[in-house]
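Colleague: Read top to bottom, the protein sequences are chains A and B.
Under the working numbering, read the first sequence as residues -18 to 93, first letter to last.
Under the working numbering, read the second sequence as residues 1431 to 1546, first letter to last.
FYI, nobody ran anything at the bench for these hints, they're computed from the structure.
Fair warning: this is a prediction, and the values are worked out from it, not measured in the lab.
Cβ atoms here follow ideal geometry from the backbone N, Cα and C, with glycine treated the same way.
Take the hints with a grain of salt, since some may be wrong.
Quick list of in silico lysine to aspartate or glutamate cross-link-like pairs, DMTMM-like style, CA-CA up to 25 Å [stated by the list, open to error]: (1) A:LYS85 to A:ASP(-11); (2) A:LYS85 to B:GLU1498; (3) A:LYS30 to B:ASP1516; (4) A:LYS39 to B:ASP1492.
Footprint (simulated), chain A over chain B, 3 or more residues, beta carbon under 8 Å [to be verified]: (5) 1463 to 1474; (6) 1492 to 1503.
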Amino acid sequence: AQSVTQLDSHVSVSEGTPVLLRCNYSSSYSPSLFWYVQHPNKGLQLLLKYTSAATLVKGINGFEAEFKKSETSFHLTKPSAHMSDAAEYFCVVSKGYSTLTFGKGTMLLVSP
Amino acid sequence: EPEVTQTPSHQVTQMGQEVILRCVPISNHLYFYWYRQILGQKVEFLVSFYNNEISEKSEIFDDQFSVERPDGSNFTLKIRSTKLEDSAMYFCASSEGGTRNSYEQYFGPGTRLTVT
């Protein structure tokens, strides 16, 4: 079985400050991990993925995430938030080709 | 850039009615999926489809649900007799599949189903 816990339902930052969205996973095998973003009235867009290669993964729009097996974490970070980053972010775990298991999501709010 | 499309964007139906949600996956993709998200809850997997048959389904995907690829482009989800608890956002996704680097899923914008 696999599961994902997103520790914060909402995160508020000011424009230009760092972003940290936390995610912990549980998996009985070597997982694949993803972060998806959903802007209002848009579909789910893949930000980045970890598939057992480099533990530090770089994604689109300046986001990156680090896979830490010892901590079972896959936190998403960005050095400097932009207003356009305001959206809902989902941490997701998968067993290879298989189905995706989503976290509950973290709403990122960015203030000027 | 190719994208997954879904129609309609919003569907309102009465309890007990049949609905069909439509999706057009990315053209060279081979794996297709439906997920749903009830308001305030997690996105949940419903079913995956490959080579014209269901490859995996969740407990949610009971006999009221069915999927079909009626032609070379569309992928549909049918709910035979809708219940109030079927109200949710339904997402279609597709993936190229075949190798470890080609199974990432691309999602459509969703169809919001409201059952009254």
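Colleague: All hints are to be evaluated individually against the structure, with a verdict given for each.
Modeller: Quick rundown of the hints versus the structure:
1. A:LYS85 to A:ASP(-11): Given that 25 Å is the threshold and the Cα spacing comes to 9 Å, the pair holds.
2. A:LYS85 to B:GLU1498: Judged against 25 Å, a Cα distance of about 29 Å means the pair is violated.
3. A:LYS30 to B:ASP1516: 31 Å, violated
4. A:LYS39 to B:ASP1492: 39 Å, violated
5. 1463 to 1474: It holds: at least three residues are needed, and the segment 1463 to 1474 of chain B offers 6 whose Cβ sits within less than 8 Å of chain A.
6. 1492 to 1503: Coverage by chain A is violated for the segment 1492 to 1503 of chain B (0 residues, Cβ < 8 Å).
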